[in-house]
Amino acid sequence: MKSWNSALLMLGLLLAIACSSSTTGPEGGEQIFTGQVAYQNPDVSFHTFMMSDTSIVRVDILELVVSAGDLEIPEDFTVTLGFGLGLPVEGRCRPTYQSTVIEGSQFSFQLTPNEYCILLVDAGSLLEPMVVDYVVSLKGD
Numbered sequence: 038m039k040s041w042n043s044a045l046l047m048l049g050l051l052l053a054i055a056c057s058s059s060t061t062g063p064e065g066g067e068q069i070f071t072g073q074v075a076y077q078n079p080d081v082s083f084h085t086f087m088m089s090d091t092s093i094v095r096v097d098i099l100e101l102v103v104s105a106g107d108l109e110i111p112e113d114f115t116v117t118l119g120f121g122l123g124l125p126v127e128g129r130c131r132p133t134y135q136s137t138v139i140e141g142s143q144f145s146f147q148l149t150p151n152e153y154c155i156l157l158v159d160a161g162s163l164l165e166p167m168v169v170d171y172v173v174s175l176k177g178d
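Numbering (the numbering used here), first residue to last: 38 to 178.
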């Protein structure tokens, strides 16, 4: 339990770090976000999108692919990342919802008109020098 609390604390701190952003919207179709998460998140990035109407948005973690240089990755290793959905504030993503995710995780949110952000971070499961390439899908009504 202690490592779970530590991971959540680390996630909360990392989610507040200044991030780069790209703006798009999921309404009327699907938007794909791609990026990388490195061991202990030296460069946290987030993705923003606008909602002009109240609707349900589905988030799917489509792909988490780990690379590790010369480090051998055990066959049974499952990539677990921290996920946040929230509001961009002063160049940062301030999550109002946080969870851990694995490949195949799905979430649905009813969102009101506003600008939102999503991000993925190392939740403490990565080892140096692991890097995870991710693909996230947002589908709106």
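Hints are computed from structural coordinates only; laboratory data are not their basis.
It is possible that some hints are incorrect.
Okay, derived cross-link-like pairs now, SDA-like style, lysine to any residue, Cα gap no bigger than 20 angstroms in a straight line [as the list claims (entries may be wrong)]:
# : residue 1 : residue 2
1 : Lys176    : Gly106
2 : Lys176    : Asp107
3 : Lys176    : Gln77
Taking CB as the label site, the calculated pair distances span [to be verified]:
# : residue 1 : residue 2 : range
4 : Ile69     : Thr91     : 15 to 25 angstroms
5 : Met87     : Ile110    : 18 to 28 angstroms
6 : Thr71     : Glu109    : 20 to 30 angstroms
Keep in mind that this is a model prediction, so the values were computed, not measured.
Just so you know, even glycine gets a beta-carbon here, dropped at the ideal spot from N, CA and C.
>> Against the range 15 to 25 angstroms, how does the distance between the Cβ atoms of Ile69 and Thr91 compare: consistent or not?
In response: The hint (15 to 25 angstroms, Cβ to Cβ) holds, given that Ile69 and Thr91 are roughly 23 angstroms apart.
> Taking 20 angstroms as the top limit, are the C-alpha atoms of Lys176 and Gly106 close enough?
Replying inline: With a Cα-Cα distance of about 34 angstroms, the restraint between Lys176 and Gly106 is violated, given a limit of 20 angstroms.
> Does Gln77 lie within 20 angstroms of Lys176 when you go C-alpha to C-alpha?
Replying inline: Violated: Lys176 and Gln77 sit about 29 angstroms apart, past 20 angstroms.
>> Taking the Cβ atom of Thr71 and the Cβ atom of Glu109, is their distance within the range 20 to 30 angstroms?
In response: About 26 angstroms separates the Cβ atoms of Thr71 and Glu109, which means 20 to 30 angstroms holds.
> Measuring from beta carbon to beta carbon, are Met87 and Ile110 in 18 to 28 angstroms?
Replying inline: violated, 37 angstroms
> Within a Cα-Cα threshold of 20 angstroms, do Lys176 and Asp107 meet the stated pairing?
Replying inline: The hint is violated at about 37 angstroms.
Hints 1, 2, 3, 5 from the earlier list are contradicted by this structure; the remaining hints agree with it.
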